[in-house]
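> One-letter residues, chain by chain:
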Amino acid sequence: MKAKILFYLTLLLMPFATVSAGGDLRLKLRVDGGYDYYIGKHHDPDKVKQIGSYTNTDKETYSNYNPIFPSDDSEFLYSWYVGITGEVLFHHERFGITTGLRYIQYIDTYNPAGDYFYWNYSNEGSANYVLKGESILQRNHYIGFPLEFRYLASRPGHFCRFYFKLGSSWGFLVASDNKMNCYDSSVNDELGGYIDDVGKDPDSFVGSIYPAFGFRLLRFFPLVNIDFHLPSFMINMPASYFYYDIGMGVQLSIQLPTDRDSYDRKAPMGVPYY
Amino acid sequence: MKSHAFLLTMLLSLVSFSLVSCMEDEDKDKNDYYKEDFHDSNLPEYSENGLNLFGSEYKVNDEIFYFRSFADTAPCRIEIADSLLKFYMIGAQNKDFFSLCFEIIPEVPVSSFADLIKLEGKEFDVTSDSCKLKVLRDDEYVDVDSWYGYVRFVNAKNLYVDNQLFGTILSGRFGMYYGIDDDSIDISSGRFDFLIDDTNFIKKYS
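Those protein sequence lines, which keep their order, are chains A and B. In this text, residue positions in the first sequence follow numbering that gives the first Met the number 0: the first is 0, and each later residue adds one. In this text, residue positions in the second sequence follow numbering that gives the first Met the number 0: the first is 0, and each later residue adds one.
Simulated from the structure, these hints should not be mistaken for lab results. Computed from a prediction, not measured in an experiment: that's the story for all the values here. Note that beta-carbon positions come from the ideal geometry of N, C-alpha and C, so glycine has one too. Warning: the hint list may mix true and false statements.
To be verified - Label pairs and their in silico Cβ distance ranges:
no.	chain 1	residue 1	chain 2	residue 2	range
1	B	61	A	138	56 to 66 Å
2	B	36	A	196	55 to 65 Å
3	A	113	B	181	49 to 59 Å
4	A	196	B	47	11 to 21 Å
5	B	72	A	106	57 to 67 Å
Unchecked claim - Listed below are several chain B residues computed to face chain A (Cβ distance under 7 Å; list not exhaustive):
no.	residue
6	116
7	156
8	157
9	158
10	159
11	161
12	164
Between the sequences and the hints, there should be enough to build the whole structure, so can you do that?
Given below as structure tokens:
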């Protein structure tokens with residue numbers, strides 16, 4: 000565990016170490032936001048209850064014990080994020096390292112096929128209370144940081160610069176909420192929608208790694224970046240019952256260069272841009 | 000040059016992380032309703048969820064078969080007549096249709112399936128006056144010579160769905176040893192998990 004923390008810390012501090020080393024460096028502040036989509040499946044939540052039932056109510060010939068069997072009908076999880084980051088560019092602005100602060104929200108919907116599923120709501124003495132649910136929406140909120148390495152394939156000054164990137168995003172769980180949509184709307188009103196316990200918490204620390212390619216648009220100030228993450232991999236799981244196969248995503252960011260050259264080029268007559 | 004090497008190292012680290020995360024086998028799409036017993040895969044795991052199943056070993060002169068519930072047949076029926084409670088288990092042994100019935104004097108009033116929770120924790124000995132064992136033979140439930148036997152209602156709870164009473168979950172264990180014709184039958188490791196509702200709770204008026 001210590002080795003892991005040390006590794007992450009090293010990754011986080013690397014850009015600052017690079018800055019302090021001096022040399023051919025450019026710092027660009029950035030506001031970024033993105034969307035990732037993961038394809039996968041759901042485990043049956045622990046609280047989904049299988050109940051035996053009879054399909055034929057004729058008491059003499061009743062037949063077939065028939066558990067309500069939810070099957071997965073929403074085989075995806077998605078996330079969106081926003082953040083403020085800084086990118087240090089070096090070696091003639093061909094290489095860049097980015098880190099900063101990022102808020103990530105992972106959204107998972109358990110929405111099995113069929114009209115409803117049984118949700119084990121509570122046990123009180125000799126009574127077991129079950130709800131008929133249609134879907135459960137889980138939102139998990141993480142605060143963390145990205146760490147991205149970028150190689151820009153073309154030289155600075157071009158209107159459009161193609162680049163490759165290996166990015167990662169690390170987050171710590173700060174909050175989680177679960178909303179159940181009940182089959183019976185009157186029960187929905189009574190419940191208020193939110194349920195405290197879904198039987199299992201999402202992982203408190205998650206990471207995603209995404210090889211990406213993209214384009215940096217505009218020349219000096221500001222700069223606009225569009226990345227495409229394909230594929231995107233996940234470490235740990237930011238949802239209680241989802242497990243993924245593969246992910247993909249897109250990221251949009253606006254960069255504000257803080258180096259003097261960029262302002263000078265933007266305003267060649269010496270008029271300050273800001 | 001140094002910066003190139005350094006960046007390459009960092010890229011490789013992250014790529015290795017990616018590969019490790021890909022290698023994790025998360026294919027655990029368990030959707031099992033029938034869970035096998037850890038010790039004997041021919042039997043269902045003991046449960047208290049109202050899954051409507053049961054199972055036990057069924058030895059005929061020391062030859063082992065299994066007596067189990069099966070699909071397309073309701074595995075349990077409870078009939079109430081006066082103070083007598085008839086608890087039927089309906090299934091198959093060695094692919095033949097088979098059923099047994101415990102005729103119980105419950106000593107607590109049972110007038111609806113919701114009253115079955117009063118049975119929780121109670122055990123009935125088939126060799127006692129309060130319980131009698133019958134088995135299905137030629138479409139008829141007949142008395143047998145029980146040398147040993149019990150049915151134990153380990154757990155009973157009422158099931159409410161959307162705050163409406165839906166049924167009663169009755170779970171427990173059973174076993175017996177009896178003789179019929181020239182055979183000795185040993186039923187052991189029995190476990191049941193039933194949901195009793197209006198469809199399989201029958202009240203008979205005398």
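> Each hint should be assessed against the structure and marked as holding or not.
Here is how each hint holds up against the structure:
1. B:61 to A:138: 56 to 66 Å: Given about 60 Å between the Cβ atoms, the range holds.
2. B:36 to A:196: 55 to 65 Å: violated (29 Å)
3. A:113 to B:181: 49 to 59 Å: For residue 113 of chain A and residue 181 of chain B the Cβ distance comes to about 51 Å; the hint holds.
4. A:196 to B:47: 11 to 21 Å: Since the Cβ atoms of residue 196 of chain A and residue 47 of chain B sit about 19 Å apart, the hinted range of 11 to 21 Å holds.
5. B:72 to A:106: 57 to 67 Å: violated (43 Å)
6. 116: Hint on residue 116 of chain B: holds, closest Cβ of chain A at ~5 Å, below 7 Å.
7. 156: holds (5 Å)
8. 157: Status holds, d = 5 Å.
9. 158: Status holds, d = 5 Å.
10. 159: holds (5 Å)
11. 161: The hint holds - residue 161 of chain B has a Cβ within 7 Å of chain A, the shortest such distance being about 5 Å.
12. 164: At about 9 Å, which exceeds the 7 Å cut-off, the nearest Cβ of chain A leaves the hint on residue 164 of chain B violated.
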